[in-house]
Every structure is written in C-alpha cells, then in structure tokens.
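S.K.: On the provided structure of chain A, position chain B as indicated by the hints.
Take a look at the letters that make up each chain.
There are 2 protein chains.
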Amino acid sequence: MTTSSRKFSFQLKQYIPVFDWGRTYTKHTLTNDLVAAVIVTIMLIPQSLAYALLAGLPPQMGIYASILPIILYAIFGTSRALAVGPVAIVSLMTAAAVGNIAEPGSPDYILAALTLAFLSGVFLTLLGLFRLGFLANFLSHPVIAGFITATGMIIAASQLKNILGIDASGHNLLELLTSLVSHLGDTNFITLIIGVTSVAFLFWVRKGLQPLLQKFGLKKRSAGIIAKTGPIFAVAVTTLLAWGFDLESHGVSLVGEVPRGLPPLTMPSFSLDMWNSLIGSAVLLSVIGFVESVSVAQTLAAKKRQRINPDQELIGLGAANIGAAFTGGYPVTGGFARSVVNFDAGADTPAAGAYTAVGLAIASLTITPLIAYLPTATLAATIIVAVLSLVDFSILKKSWNYSRADFIAVTATMLITLGAGVEYGVLSGVVLSILIHLYKTSKPHTAIVGQVPGTEHYRNVLRHNVITHKEIVTIRIDESLYFANARFLEDRIYDLVADHPELKHVVLMCSAVNEIDFSAFESLEAIAERLKDLDVTFNLSEVKGPVMDRLNQTGFAEHLNGTIFLSQHQAITSLKTTFKPDA
Amino acid sequence: MTTSSRKFSFQLKQYIPVFDWGRTYTKHTLTNDLVAAVIVTIMLIPQSLAYALLAGLPPQMGIYASILPIILYAIFGTSRALAVGPVAIVSLMTAAAVGNIAEPGSPDYILAALTLAFLSGVFLTLLGLFRLGFLANFLSHPVIAGFITATGMIIAASQLKNILGIDASGHNLLELLTSLVSHLGDTNFITLIIGVTSVAFLFWVRKGLQPLLQKFGLKKRSAGIIAKTGPIFAVAVTTLLAWGFDLESHGVSLVGEVPRGLPPLTMPSFSLDMWNSLIGSAVLLSVIGFVESVSVAQTLAAKKRQRINPDQELIGLGAANIGAAFTGGYPVTGGFARSVVNFDAGADTPAAGAYTAVGLAIASLTITPLIAYLPTATLAATIIVAVLSLVDFSILKKSWNYSRADFIAVTATMLITLGAGVEYGVLSGVVLSILIHLYKTSKPHTAIVGQVPGTEHYRNVLRHNVITHKEIVTIRIDESLYFANARFLEDRIYDLVADHPELKHVVLMCSAVNEIDFSAFESLEAIAERLKDLDVTFNLSEVKGPVMDRLNQTGFAEHLNGTIFLSQHQAITSLKTTFKPDA
Numbered sequence: 000m001t002t003s004s005r006k007f008s009f010q011l012k013q014y015i016p017v018f019d020w021g022r023t024y025t026k027h028t029l030t031n032d033l034v035a036a037v038i039v040t041i042m043l044i045p046q047s048l049a050y051a052l053l054a055g056l057p058p059q060m061g062i063y064a065s066i067l068p069i070i071l072y073a074i075f076g077t078s079r080a081l082a083v084g085p086v087a088i089v090s091l092m093t094a095a096a097v098g099n100i101a102e103p104g105s106p107d108y109i110l111a112a113l114t115l116a117f118l119s120g121v122f123l124t125l126l127g128l129f130r131l132g133f134l135a136n137f138l139s140h141p142v143i144a145g146f147i148t149a150t151g152m153i154i155a156a157s158q159l160k161n162i163l164g165i166d167a168s169g170h171n172l173l174e175l176l177t178s179l180v181s182h183l184g185d186t187n188f189i190t191l192i193i194g195v196t197s198v199a200f201l202f203w204v205r206k207g208l209q210p211l212l213q214k215f216g217l218k219k220r221s222a223g224i225i226a227k228t229g230p231i232f233a234v235a236v237t238t239l240l241a242w243g244f245d246l247e248s249h250g251v252s253l254v255g256e257v258p259r260g261l262p263p264l265t266m267p268s269f270s271l272d273m274w275n276s277l278i279g280s281a282v283l284l285s286v287i288g289f290v291e292s293v294s295v296a297q298t299l300a301a302k303k304r305q306r307i308n309p310d311q312e313l314i315g316l317g318a319a320n321i322g323a324a325f326t327g328g329y330p331v332t333g334g335f336a337r338s339v340v341n342f343d344a345g346a347d348t349p350a351a352g353a354y355t356a357v358g359l360a361i362a363s364l365t366i367t368p369l370i371a372y373l374p375t376a377t378l379a380a381t382i383i384v385a386v387l388s389l390v391d392f393s394i395l396k397k398s399w400n401y402s403r404a405d406f407i408a409v410t411a412t413m414l415i416t417l418g419a420g421v422e423y424g425v426l427s428g429v430v431l432s433i434l435i436h437l438y439k440t441s442k443p444h445t446a447i448v449g450q451v452p453g454t455e456h457y458r459n460v461l462r463h464n465v466i467t468h469k470e471i472v473t474i475r476i477d478e479s480l481y482f483a484n485a486r487f488l489e490d491r492i493y494d495l496v497a498d499h500p501e502l503k504h505v506v507l508m509c510s511a512v513n514e515i516d517f518s519a520f521e522s523l524e525a526i527a528e529r530l531k532d533l534d535v536t537f538n539l540s541e542v543k544g545p546v547m548d549r550l551n552q553t554g555f556a557e558h559l560n561g562t563i564f565l566s567q568h569q570a571i572t573s574l575k576t577t578f579k580p581d582a
Numbered sequence: 000m001t002t003s004s005r006k007f008s009f010q011l012k013q014y015i016p017v018f019d020w021g022r023t024y025t026k027h028t029l030t031n032d033l034v035a036a037v038i039v040t041i042m043l044i045p046q047s048l049a050y051a052l053l054a055g056l057p058p059q060m061g062i063y064a065s066i067l068p069i070i071l072y073a074i075f076g077t078s079r080a081l082a083v084g085p086v087a088i089v090s091l092m093t094a095a096a097v098g099n100i101a102e103p104g105s106p107d108y109i110l111a112a113l114t115l116a117f118l119s120g121v122f123l124t125l126l127g128l129f130r131l132g133f134l135a136n137f138l139s140h141p142v143i144a145g146f147i148t149a150t151g152m153i154i155a156a157s158q159l160k161n162i163l164g165i166d167a168s169g170h171n172l173l174e175l176l177t178s179l180v181s182h183l184g185d186t187n188f189i190t191l192i193i194g195v196t197s198v199a200f201l202f203w204v205r206k207g208l209q210p211l212l213q214k215f216g217l218k219k220r221s222a223g224i225i226a227k228t229g230p231i232f233a234v235a236v237t238t239l240l241a242w243g244f245d246l247e248s249h250g251v252s253l254v255g256e257v258p259r260g261l262p263p264l265t266m267p268s269f270s271l272d273m274w275n276s277l278i279g280s281a282v283l284l285s286v287i288g289f290v291e292s293v294s295v296a297q298t299l300a301a302k303k304r305q306r307i308n309p310d311q312e313l314i315g316l317g318a319a320n321i322g323a324a325f326t327g328g329y330p331v332t333g334g335f336a337r338s339v340v341n342f343d344a345g346a347d348t349p350a351a352g353a354y355t356a357v358g359l360a361i362a363s364l365t366i367t368p369l370i371a372y373l374p375t376a377t378l379a380a381t382i383i384v385a386v387l388s389l390v391d392f393s394i395l396k397k398s399w400n401y402s403r404a405d406f407i408a409v410t411a412t413m414l415i416t417l418g419a420g421v422e423y424g425v426l427s428g429v430v431l432s433i434l435i436h437l438y439k440t441s442k443p444h445t446a447i448v449g450q451v452p453g454t455e456h457y458r459n460v461l462r463h464n465v466i467t468h469k470e471i472v473t474i475r476i477d478e479s480l481y482f483a484n485a486r487f488l489e490d491r492i493y494d495l496v497a498d499h500p501e502l503k504h505v506v507l508m509c510s511a512v513n514e515i516d517f518s519a520f521e522s523l524e525a526i527a528e529r530l531k532d533l534d535v536t537f538n539l540s541e542v543k544g545p546v547m548d549r550l551n552q553t554g555f556a557e558h559l560n561g562t563i564f565l566s567q568h569q570a571i572t573s574l575k576t577t578f579k580p581d582a
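Taken in sequence, the protein lines are chains A and B. Counting with numbering that gives the first Met the number 0, you get residues 0 to 582 for the letters of the first sequence. Counting with numbering that gives the first Met the number 0, you get residues 0 to 582 for the letters of the second sequence.
Just chain A, same shape as in the assembly:
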C-alpha cells in the first residue's frame, strides 16, 4: 500500500467506520448479529407503525423510516449496538412541526415530514463535519429529564383518543385533555375494550412475561429478550379479531389499506418557503434526537469498553435522516428500547442493523396486507405503554435535594413543555439553564482571607481564627474571571477600598481562577488604575500557569503598581515588611 493510499484509507476509516469493523467480521459475529436482527425486527414492526401514527403519518412510513436509515447509520455511525429509526419524542416533535404548516394526512403534510427529515439530516451532518457536537451539551440533564417526562405525558394523553375511539386534538396537555373530555360522549366501547385490554396485556408483557418464560425453562437472558417481542402478539390477536368479527363495521378504527412493497423513492421539498417554516423545528428535533441517541450509544459502548465519537455520530444520524427523506420516511434517531434489545440480543457490529433493515424490507413486502385490519387502538396502546416508562417524576425530588437552581430548570422545562408545547419547552429549558449558569458564575463566592497562625495557609476570616493586617486585604475569588463576573469583581474591590480607609495593599488570590478573559483582564486593568490613583497597591497571588502566560503576553505586570506573587504567603511576607500586624 502506498503512503497516499494508506492515508486515504485512514481518512475513509475516520469518516466511514464500516471500513474499520468490516475487516474483522467473522462467522461468529455474523451469527450474533443475525439473531439480534430477527428479535429487533419483530419488535420494530408494531413500534414503527405506532410511531408513524403518533407523527400523524401513514403507518408504512414508520417501516420505511427503519430501512435505509438503519443501513446508512451502520455505514457512518460509530456505535456498534445503536438501532436507528422512528422514536416517540421525535415523532411527536415531527407532528408538532409539520402540523403547523399542513393538515394531517394531506400530501403536503407528508412532503413536510420528508423535508423535515432532510433538513434535520443536513443540519446534523454539518454539525458533525464542523465538529460542533458540543452544542448538544447546552441541554442540561435536568432540562432533558423534565422535557422527556413532560413529553411522555403529552404523548400518552394524545393517544387516549385512539383508545376511546374519539376525535381530539391539542398542542399541549390542557388543550388535549379538554378536547378529550368534550368528546367523551362519542366513546366507541369495542375500541375501548381493545385498547384497555392491549394496554393491560402490554404492561403484563413488560413485567410478567419474562418470569413466565423462565418458568417454562428459558434462561433469564433469552426470556428477557423474547419478552420484548410481546407486542407483536397484541398486534396479531387484535388484527385477527378485527378481521374475524368485521369490527370496522362496528366503528372500530383500523389502520386500513397499506401499499405493499419496498420503500418508494421520494423527494423532500426544495421550496425555500417550506425550509423557512421548518428549519427551526428541524434544529430542535435534531438536537433532541442527537442527545437521546448519543447517550444511548455511550451507555452501551461503555459496557464493552468501546468508544463512540460524538461528532461522527452526528454524521451517522445525519446520513440516516437524509436517507429517510429520500425513501418515504420521516425524522429518525437512535432509540433507547430498540438499541438495548439489539445489544442484549448480542449484536456485535452495526451489520446487525443492516440485517434488521432486510427483515423490515421483507415484512414490508409480505405482511402489509394484514396490517389493514390492525386496530389503531392497539398501536395507541403500544405507544402509551412505551412512553409511560419515560415519565419519571423522581427527577423533581432529586434535583430539589441537590440544588434549587437545577430544580427550577426541571420544573420550568416541564411546565412550559406541558403548557406551551414541546418546542417552547426545549427552548426555554436551554435558555434557562444557560441563564442559571451565568447567574451563578456572575456572583462567585469570594472570601477575605488571613493567615492561619503558625502555618503558611490562608483561610476565610469568617470561618477561621486568622491573622490579618489592617493595611493589607487579601480577597480570594472562587471562580474563573470572565465577562459575567468582571463587574462583580470591580464592585467587590471598590467596596473593600471604600470600607477600609487605612488600606494600602490589595491582594487578589487567584488559586481558583482557571481563566481570565479579555473583559476580566480589562477589569483588572481598571482596578489597577483606580487603586494606583488612591495610592493602594494591587497585587495578585497564586496565579495558574496558563493564566500567567496570558497576563505576561500583555505586559500587565509592568504597569502594575503591585507585584504578582507566586504564593499567597510570599505576598503577605513581602507586603507586611513596612508595618506591624494588628494582632
């Protein structure tokens, strides 16, 4: 191999990880991957149909969204177990975004969903290429937790209409519930029976099927995996019932005719108007999807001491979404439930995902005619049971115990999501987290310190019995200095000077200062200048290496009327030579 081709191959491996794991693919990994693929396929059929329904799209789009995207992720993604496809939250966000610009079920609605997947794919790919994955970190854990819980509640509420067999709509919890109550009189009782039974069955599948299978002699792990395929039984049984008893004539809503065949070739819209109306939603949905996906991928990778590359994950998810846009899908991401099943079932490489895609393609070719008789209530039950596991109020208690600021972020995100919808919920959560962080760092902890007698340690005068000097004040600031707290520092020091008329030397102890930005640097200059006017020296102590490098670069030390001391003890020893201590 020549140097240039080796280099090329290195780059290919970097951007297309399949060239990495593909080389070492063995018969053993093939078997593992195939088993995992079969399990995941069976699990995905009802889930994909259900999430398409949640997104307000024809059910087959959920299946389509699980075929090419999985293959593209297998090529470009770095997680070995992540299963990509429609997920609950992204489906709800799709419904919210697309519902703003078209009537559910209309051709425009479908076009908008394809376009949303396209924009989301392009956005994710760009983030990945520019290595901007860190932007997703602006979603703090409390915000994500609050958002997921609130979204789970909205999704569950949105599916109640399908369980009751009535019409209802609304963009937030209150609207939804009001609408449900006002239509309660139209309840179709056969639908209700199917729905409630399915919910009960699915809850039992979650808790009771695995122990039952173990009783029948299956090993714990196999029992656990097979239990995940339980929903397919609810689908099969209710479909048979609907067909056998012609439930449609009794007013039970069925999925209806679904075209048989492989995913069609589709085109997203290239109208700038539509892009304009969707781009904001595409950004939010991409970020939420990415955060969900990457945390699943990371959890699974860590279990096998493998690693994922978040920027490459963006490219993988981007490719998957672009793929969805051109093959009749809608926005997708790495899902928690399916990935865990994939992992537990033994998937060794992303090839397991590709086999799942083949399985779904076969399903799409063969079983679609049967789906026509599937009651929507069954799908609604699948969704409700899946999303209720997302609802977790313990975050309220945990964050309350940890810090009030984080509690405020959780609560606000939750209430705004419930009250004003998913997009406002995420946005306000992000803004609030950032504001809280800036607020906290804008009023950092400071302490006047003095010498602990007989030592070279300097501690807070309020907490310790220490030696001080009325002509020297040392203030320790426990935060990096940057624009949000630069003025605070100025205020604090000017107040000190105003309060201590005998003051001759101010020492700023910088042991906790990891960075000084330009604003803070200008503040230090301003402080130095003003103290000079008052014949007070301004000194620094315990400045860290990188901070010192930057200060040196500017010649700050030269026009300072004080000194930059290596240690606080040096500072005091040197400054107090001119006078005697008070005590």
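Among the hints, a few may not be true.
[What the hints assert, rightly or not] Computed list of chain A residues with no C-beta within reach of chain B, every gap over 10 Å:
1. N136
2. L176
3. N187
4. K218
5. L239
6. F325
7. A353
8. A360
9. T454
10. Y493
11. F564
12. L565
[What the hints assert, rightly or not] DSS-like mimics (lysine-lysine), calculated; alpha carbons at most 30 Å apart, straight line:
13. B:K219 - A:K531
14. B:K575 - A:K442
15. B:K575 - A:K302
16. A:K575 - B:K303
17. A:K543 - B:K396
18. B:K303 - A:K543
19. A:K397 - B:K302
20. A:K531 - B:K302
21. A:K575 - B:K302
22. A:K543 - B:K439
23. B:K439 - A:K397
24. B:K219 - A:K543
25. A:K206 - B:K531
26. A:K531 - B:K303
27. A:K302 - B:K469
28. B:K531 - A:K219
29. B:K397 - A:K531
The hints are simulated quantities; they were obtained by calculation from the structure and are not laboratory data. C-beta: ideal position from N, C-alpha, C; glycine also.
M.R.: Same frame as chain A, now just chain B:
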C-alpha cells in the same frame, strides 16, 4: 425617633439616596454644585439639541429630556457626579426603534419616542427592584467596545447628510453611504462650508482651546473645563450668520421655530400594539444605556473612594426615563462627556444635576426663539466630533493579542452592527459572547498527573518527569463541572478506560472544581456506575468544602466503589498499596 420610624427612614435612604446625602449638605458643597451646574448647562444646550436631531425628534425634546430626568436621577440615583440626559448611542437606538413604526417627524413618531422612554423606564425600574442588574454583565467588554465603535461610525455617517445639505437615509453603514453618494449632486455649498468649518472648529476646541486659555493665564483645570463649553460658540456664531445673511433663502437647513416654554406634560401611549412593537428595542436600549451609565458612574465614584449601587442605579435611570416620557423627552441615560465635565467642574452631590435642570429650564424659557436660526449643519458637526471620539479600533489589536475568542466577539459585533444595524449588533454580540464562554468551558483543560519524585506534588505527565502507575490514572480537570462539560468529562474518562486495559483505579482530582451542578453530578454517578461494571474503582481527590457538602447531602460517597480522598497524595498512597509502581 421610634423604632418603626427609624426602620422606615432606613428604607427610604436605601431607595431614595437623597435622604442620605441631603442631611449633610453645606454652603461649600452648594457653591461647588452651582459652579458645576453652570458649566454643564452651557455644554448641554447644543448637545441636547443635536442628539434630538440624531433621534429624528424636534430639537426642544433634547432639552426637555434633560430637565425632569436629571432631577429624578438626583433623587433616586447613587452616583454623585453622573449627569443624565440624551446621549448619542441611545439617540441612535431610539431613531432605529421608532423609525420602524412611524415616519420621522410625524406625531406618531414623537408618541413612539415617549412610549419608548416609558417602557425603558419601567423595565429599568423593575430590573432594579428585582435586583437584576447583573444581567447587564452579559455584555462583555469586547462586545461593548465593538458596538460603540461601530455605532460611532454609523452616527457620524448619518450626520454627513446634514453637513452636505442633502437627503440620505439607511439603517446600516452600507445603506447610508450608498444613499449619500447617490445624492452627492444635491450638495448645498453654503451648508457644506458651515458644516466643515464647525467640525474643524470643534476639533480645535477639543485639542487647542485648553492650551490657549492656559496661555491667557487660566489654570489648567479651569481651562479644561471652560474648553468644554466651546461648542456654544459655534452655535452662537453660525446662528448669527444664518440670521444676518438670511441663509435659509440660500437653501441652508435651519432648526426652525421652536416653542418657548417649560417642558410640556405629555403622555406615552398605552396601546398594547405599540408596546409590542417597542418592547424589544426598549430592553436593548435600556441595557446599553445602563451599561454606559454605570461604568461612567463607577469610574467617577472610585476616584473619590465613593461607591455606587448598580441595582439602585437602575431605579435612578428608570425614574429618569419615566420622567422623560411624561415631560416631552425621550430615552436618556448617564452620559460620559457631561458626567466627566460635571465631576471635573467640582460637582459634590446630585444636587448639581438639579441646578443644571434649572439652568436648562431657564434656557428653554429664554433662548428658544434664537435657536430657530441655528443651522442643522452646526448640530451635525457637534454630533460628529462627539461620536468620533467613541471610534476606537485599538480594541481589535488588543483583543487579538489577548485571545482569538475575544477578537472574534469584537469583530463580529462590529461587522454585524455596521452591516445589519444596532439592534442586531448588540444581540449577536451578547449571544456570541455567551456561546464562546460556554464553548471554552465545555472543553476544559484536563491533565493526566503523576507524582513529582521525592515530593507530594502531582503534575501534568506531559510537562513533568513524574511517577505513574499503570493500574492508576489520575485526571485533573481545570474547570467547574456543569452541564456544558459534563458529557466531555464522561467522554474523557471512558476514553481513558478504553486506552488503559490494565487500569484498576481512576482518580478525579478536583482541586480546580469550584462547583458541580446537577448535570455534572449525574455524570459522576454514571461514570461511577459504569466503572463499577468494569471493576475499576472511581475515586475523587482534593474536593473543595462547598462541593463536598453538596456531594455528602446526596449520599454519593456511599454507593461509590472508590473513595473520596482529602489530598491527591493520600489517594495514591492508599491505592498503590496493592501493587508495585512501574518505574
């Protein structure tokens, strides 16, 4: 005095500082204040007229905006030397905001300006009452510097039309210059001569008048102060010329009839529609005005070891703006030039401001008929000379030398202000500063550390020759842990574990961690959980007191499979007991 009345008086002093300094007012301070007031009044007459012109308002509104607002600030503000009134940047921002919703010169335009002052006043007062002054800190120094320079350029360019005697308009520099060039053929040469001569004269007044006055025997300080009144001569001479030679008939634009009298009682609009269109601008303008004002106030207070209270300043400026709204003014703030003159002229208390107000009221009653003949070119010259002192490109070089991140913030703010206008300029500056800060802290500096032989110090393995152990890795993180870097920390530690197959113990050295928020805490829990699965212990060392308190509160230490060590040396000594060092 009873306890309750003493308490009441204490609260009054807190919210209405006049009850503080008013008690100690003497004849000496009265004299000082009166002298300062006369100087400032003479300086303010042309300035107030000019800034009203810049805001697109009738000239008398500039005078009105300097009367009641000054008195209200004197009552509620905390700075003893700050002079409140119309300033260049706020006038331009007023023009930008009000120009969006009404034709310049129309009654609606004036109403909108009054309403803007009202909204700004209410907003500032609310910020002050809720002690939210720290919000202004989000404007970093580089952003402010870039914004001021760019605004100065826009203002100067916007006044060129008055110097040339032509029509031109535009919201950004490019539009303005294009418009100017296309109307260049309409230049009125008499106007041009007046304009250029005034500009030259005013520049000379800035540089040359003070030395000249000193030659005539005045002391340096008096000469400096009197030189500030120079612009009144340009006003007087050009007014006389315009009157004497009937320049209006030669196409020279004059200020025209100005109603004589005290400020009228006016009402801002209470239409919600208008509030909606103005509130965003009011917020931006208030914050910019507050930042300008508080930094002037702080500079002057520090010179006399006095202090200002930023939250109370908000209330003072809020009252001033509300006052402006009801007395025919427009948004005001503390101006740099006038405050420095006030301070240098010896103003001892805010009463100097009140006397200035009286001076301006007298002017408004007496000299307004004369103003009719004042050429607008003279006012434009006043503005140009004033704002060119704001233009300072050295910030580009200084920030470039200090850090690229700050340089990007300056440049972007400047370009966006010039290219897209003042409001976008400020907003994008703020957003960019915050993003840069979050970016920097989201990828904090980390170091693998080892023991410096023969000491208890632990330093970066890349910079020092230190002892390490293949079964222990210590990572030091040089930043507080919060949501933006929580995932980074997880990534870093999982990568470490993936890279060191023999690893048994991870130590996180927290000497630079000032805070751990809930997101970061959950990340620590996740790290602990995953390392436990891999039989690697997770240990912390050198955790600061307040951080430790919070961790203890959650019982974190109890389900950790490692230990929280007081010092790094303890950690290594204790962990290495099980095996021998590598080298």
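S.K.: Which hints from the list above does the structure break, by number from lowest to highest?
M.R.: The structure breaks hints 1, 10, 14, 18, 19, 24; every other hint is satisfied.
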